[in-house]
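**Student:** Going line by line, the protein sequences match chains A and B. Numbering-wise, the first sequence is residues 1 to 305 according to this note's numbering. Numbering-wise, the second sequence is residues 1 to 305 according to this note's numbering.
Wrong hints could be hidden among the right ones.
Pairs count within a copy or across copies, as identical chains cannot be separated in the list.
[Unchecked claim] Straight-line Cα separation of at most 20 Å, SDA-like style, residue types lysine to any residue; simulated pairs:
| id | residue 1 | residue 2 |
| --- | --- | --- |
| 1 | K58 | E18 |
| 2 | K116 | P100 |
| 3 | K116 | G264 |
| 4 | K58 | P144 |
| 5 | K117 | P56 |
| 6 | K116 | M102 |
| 7 | K58 | P14 |
| 8 | K117 | P100 |
| 9 | K267 | L54 |
| 10 | K58 | Q24 |
| 11 | K116 | A173 |
| 12 | K267 | L183 |
| 13 | K267 | P14 |
| 14 | K58 | R212 |
| 15 | K117 | V44 |
| 16 | K117 | A173 |
| 17 | K117 | P13 |
| 18 | K117 | M102 |
| 19 | K117 | E18 |
| 20 | K58 | P12 |
| 21 | K58 | V265 |
Honestly, the hints are just simulated from the structure, not real lab data. Keep in mind that this is a model prediction, so the values were computed, not measured.
The primary structure of each chain is shown beneath.
There are 2 protein chains.
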Amino acid sequence: MPQMISHMAESPPPTFAEYAAELQPQVDAALSVRSELPDGCPAVLREAIRYSLLGPGKRLRPMLVLLAARACGGSTPAAIPAACAVEMFHAYSLIHDDLPAMDDDDLRRGRPACHKKFGEAMAILAGDALVTMAFGVLAEEIEPPRVAAACCAALAEAGGPRGMVGGQADDLAEKDANAGVDLLESIHHRKTGAIIGVSLRLGALVAAADDRQCSALAQYGRRLGLAFQITDDLLDVRSDEQTAGKRVGKDRERGKLTFPGLFGVEKSTARAEQLLREACEALAPFGPQAAGLEALARYVLERSR
Amino acid sequence: MPQMISHMAESPPPTFAEYAAELQPQVDAALSVRSELPDGCPAVLREAIRYSLLGPGKRLRPMLVLLAARACGGSTPAAIPAACAVEMFHAYSLIHDDLPAMDDDDLRRGRPACHKKFGEAMAILAGDALVTMAFGVLAEEIEPPRVAAACCAALAEAGGPRGMVGGQADDLAEKDANAGVDLLESIHHRKTGAIIGVSLRLGALVAAADDRQCSALAQYGRRLGLAFQITDDLLDVRSDEQTAGKRVGKDRERGKLTFPGLFGVEKSTARAEQLLREACEALAPFGPQAAGLEALARYVLERSR
Chain A
1 MPQMISHMAE SPPPTFAEYA AELQPQVDAA LSVRSELPDG CPAVLREAIR YSLLGPGKRL
61 RPMLVLLAAR ACGGSTPAAI PAACAVEMFH AYSLIHDDLP AMDDDDLRRG RPACHKKFGE
121 AMAILAGDAL VTMAFGVLAE EIEPPRVAAA CCAALAEAGG PRGMVGGQAD DLAEKDANAG
181 VDLLESIHHR KTGAIIGVSL RLGALVAAAD DRQCSALAQY GRRLGLAFQI TDDLLDVRSD
241 EQTAGKRVGK DRERGKLTFP GLFGVEKSTA RAEQLLREAC EALAPFGPQA AGLEALARYV
301 LERSR
Chain B
1 MPQMISHMAE SPPPTFAEYA AELQPQVDAA LSVRSELPDG CPAVLREAIR YSLLGPGKRL
61 RPMLVLLAAR ACGGSTPAAI PAACAVEMFH AYSLIHDDLP AMDDDDLRRG RPACHKKFGE
121 AMAILAGDAL VTMAFGVLAE EIEPPRVAAA CCAALAEAGG PRGMVGGQAD DLAEKDANAG
181 VDLLESIHHR KTGAIIGVSL RLGALVAAAD DRQCSALAQY GRRLGLAFQI TDDLLDVRSD
241 EQTAGKRVGK DRERGKLTFP GLFGVEKSTA RAEQLLREAC EALAPFGPQA AGLEALARYV
301 LERSR
């Protein structure tokens, strides 16, 4: 059985930064082309879409698509449309999340949130445009059509009322910091984990992965997603406003459920570390082809330190 | 060349009400099943989705899907998922349109708008859920997958930034009642016409229509869509609040561009009549199979009288 060969090699394994340097420019270029919308899109709507889609960001979800495709032996160019789709979907969810009626955040990625820059109405519409564009890119560009339809179905399930939107609805309703860890994990699994999971799933689909590969990626994704949310909560506690690029400490102000709030910083950090170790263990069947996904897991841990 | 045989027959052609009596219960039952969301959807989100999706309404767009499929020789059961998808998409657009930051309507179909009943945050999420569900239904249920992917692509184009969302953005920006008829028609073509057009297109796609049929339906749809918007403007002028089920006369209050505002009631009525005659003429190639679409066009005219 293949082991995590990249860990055993003599030279240090490539870092997330090295993968990012290779892949992020490709993702950004692809997103830019697909948001030019030359005919029929009002200028201010195009501007709002591009402001939110092309702004600074780690492109973590597109990286997951591309690195999952690579782990399964697929090519980067074939996975680029799916990478664009998940970033469009993510951008839409951030725009709507930041709205005054929702999380009411004025800052996003160190800049004014979309609704602060373009007004609430245009922000609602830019989000609506981006969710629609995400499905359009999948449906139009992924080959063969059978895989395109499967990708659309997977994104709809992960992003819909039983996935991301459902998690957001529960998150908005849940203001009781004394609620249990099960509810907290359930919210995060849907709110953050579902899109992380579908990013890996789309990468697997375009790479024509087999069931064993899909199942390994799903295990990796479930652990990574929860670890990602824990480290996000830790960032909220630790960072100052400048580092995080958004208002921090507000989870606590709002009495929101968080992992550090439930377990303290130390135990939460240990939980994240354990989850990320387990995430990497799930990648064992892929061997060195999954080195990028391992690097990404290490990055998620390091960013919260 | 086939003529409009239904008009030439001795018994009067079936009315829209007769088609509606046959098809609306099927649509409503299908929408109800697809919005039960038994696992993982928060109860209040499900309630908001179903409140907006299953409330009173004419189901005009699902009827267009089913009647277009019928005109092209397709079956109603095969077209039901596409009919559900356009109604979900329509319901999402109404929820977001009614939000305070958008058109700020408190009443919809004679009942409190979704955001009045469930709050703004839940209304935003219910809309987000419905747009996502629309693509999910198409991707998961339409066969073969090639047609499912084509349906997703068509809905994304019609509903996206160059279609419906773009029309809404221009409509929000356009408060100058002195702007010209070209802009007015361009806004309506995208804001209302695009979803009417794609309803017919999805019906054609699931019925495996040929190019000539698709082109005839597109002509019918373009004329019907514009006529529909003119009669909507006329309703706004003429109706009292109870009849329309929403606050009326507010287009004028807001200084919005409308057809009666530009041309007066009489000329606008004549324009709608002419467009609907031309819409029915475009159906000539279908013969009696298009009787349902003809009845729908007559209904659009009659409802504004």
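**Student:** For each hint, tell me whether it holds in the structure or not.
**Tutor:** Structure-based check of each hint:
| no. | hint | in the structure |
| --- | --- | --- |
| 1 | K58 with E18 | within (13 Å within a copy, 56 Å between copies) |
| 2 | K116 with P100 | both (10 Å within a copy, 16 Å between copies) |
| 3 | K116 with G264 | neither (34 Å within a copy, 39 Å between copies) |
| 4 | K58 with P144 | neither (29 Å within a copy, 37 Å between copies) |
| 5 | K117 with P56 | within (15 Å within a copy, 37 Å between copies) |
| 6 | K116 with M102 | both (14 Å within a copy, 15 Å between copies) |
| 7 | K58 with P14 | within (17 Å within a copy, 59 Å between copies) |
| 8 | K117 with P100 | both (13 Å within a copy, 18 Å between copies) |
| 9 | K267 with L54 | neither (36 Å within a copy, 47 Å between copies) |
| 10 | K58 with Q24 | within (8 Å within a copy, 47 Å between copies) |
| 11 | K116 with A173 | between (24 Å within a copy, 17 Å between copies) |
| 12 | K267 with L183 | within (18 Å within a copy, 60 Å between copies) |
| 13 | K267 with P14 | neither (29 Å within a copy, 71 Å between copies) |
| 14 | K58 with R212 | neither (29 Å within a copy, 48 Å between copies) |
| 15 | K117 with V44 | within (11 Å within a copy, 31 Å between copies) |
| 16 | K117 with A173 | between (27 Å within a copy, 15 Å between copies) |
| 17 | K117 with P13 | neither (41 Å within a copy, 55 Å between copies) |
| 18 | K117 with M102 | both (17 Å within a copy, 16 Å between copies) |
| 19 | K117 with E18 | neither (33 Å within a copy, 50 Å between copies) |
| 20 | K58 with P12 | neither (23 Å within a copy, 65 Å between copies) |
| 21 | K58 with V265 | neither (24 Å within a copy, 55 Å between copies) |
Against the hints set out earlier in the document, violations occur for numbers 3, 4, 9, 13, 14, 17, 19, 20, 21.
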